[in-house]
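Assemble the whole structure, with the sequences as input and the hints as a guide.
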Amino acid sequence: MRELTCIVCPMGCRIKAYEEKGQIRVEDHGCRRGELYARDELTAPKRVVTSVVTVQGCSELLPVKTAAPVPKEAIFRVMEEVRRVVAKKPVRAGDVLVENIAGTGVALIATKHIQ
Amino acid sequence: MKEQAIDIAVIGGGPAGLAAAIAAAKAGVERIVIFDRQAELGGILNQCIHNGFGLRYFKEELTGPEYAARFIAQLAEYPQIEVKLETMVVELTADKQLITTSRRDGWNLYQAKAVILAMGCRERPRGAINIPGTRPAGVYTAGTMQRLMNIEGFRPGNRAVILGSGDIGLIMARRLTLEGIQVAAVLELLPYSCGLNRNVVQCLEDFDIPLYLSHTVVEICGEGRVTGVKAAPVGSDRRPILERSFMIDCDTLVLSVGLIPENELSREAGVQMEPSTGGPRIDTGCRTSVPGIFACGNVAHVHDLVDDVSEESRIAGIAAAAYVLGEESIANGQKRVKVVPGRNIRSVTPQEIVAGEPSALYIRVAFPERDVVVTAGSHRSKHRIVTPGETVRIVLRPEDIDFNAGVLPVAVEGGEVNA
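Protein chains in written order, with my numbering: chain A, 1 to 115; chain B, 1001 to 1419.
Rather than coming from a laboratory, the hints here were simulated on the basis of the structure. Ideal Cβ placement from N, Cα and C applies to all residues, glycine included.
Stretches of chain A that chain B covers, calculated by requiring three or more beta carbons in the stretch to come under 8 Å of a beta carbon on chain B: (1) 8 to 20; (2) 46 to 57; (3) 72 to 82; (4) 106 to 114.
Here it is in structure tokens:
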């Protein structure tokens, strides 16, 4: 059995996850999303990565995020690529900066407008 | 100086000020001005580039800038809200006169019918906790470092130690790690973490960053630049055990040792303060002791979640609108009860409940406990774990409160101490 602290929302539910005969059973989750989180955590843990990138001809930094959670083991590969991204003005929140970041199949998107 | 008459002055354009101004405009107030020192609205949200905001308020997971943008976009629908950026309110009187200064507009005098205090909070610095040692470069508060990295684009160092396990410290532990800056340790004076549990998991455990509970920094070392810190465990009296101290090499020390509501203006206006929160005493309409002055967000009490700030500030905006529009007499005639904190309660906000108003209480406990019952009047709710790092929010029904009693006792009962 693994005891997990759910990170889906600030409730921080303490979830119990049992692995029996290849089956995963989840207890004490507060909601459906918590159950999915626990299953993912045991099989393929994922996280959203957030950072900032530079913008050409602009002193302001652009905050970015992965549009969906990426595999935990890919976090540092994602960061390597994020560091090389230079955005061009104007940028709208939601604009795709990299379609498939570090081969994860997930896009890197802007989270702020810069005119 | 020509006096300008306005209906509501909102001091601070962060999440609290934005939500309050929008709510007041929706309620029909005609001339609202938001004052903010910064060059853009959104306050601290602009530097909080991580996600996890808005799950309660918008039922979506947003980053700080995205959360702020939701509110800033709404301003376009309300021409009755004017925004004065890079403008600092330097004086506030009990008569609701404000003096502001800005590079562009110079000095200005405003006479408001109501004022909403939404100045937020600031960080406790090194001086507030008196760490001995030299005074080298490389000592930052967590929020300052967050601004340097996420807004200004600096790399603050190469190897860091974080003192304090507040949420910003935990968030910065992850941020530093992602940028290739090694986090040698997070030290926490108390025997438990002060941040949200989810942040301990996703910011420390995910990256195998060691968390030393019941430890503190007893000396900062280095001339010119930090070269290391001397750490030591603390006893149950929270005093360091110097014989067991050890060196940790680092060039950067990050302090995440608490937040203080920023209330210089509130005090100047003569608003009665609440020692347990560091903010003004407020009621369920966010009214302070001075009629027509309201307080919401982190200036009133430090919140864990911006979602709660938005909700509380919406209430402040509605109450301020009622005051300006002359509907306040309705609340004036209502019965009130004072909240009386009991066992294992550090603070309860609001401090007064007005009959007929929605009554959400934000409770901060004094120490962690398992399997407790939180009581407030005849309200009883079971909680598996309560810790000072996570506010307990309870919503009271009118029948939970005996308005004839004048007081409402709030307590945590029947727990098993989990230190």
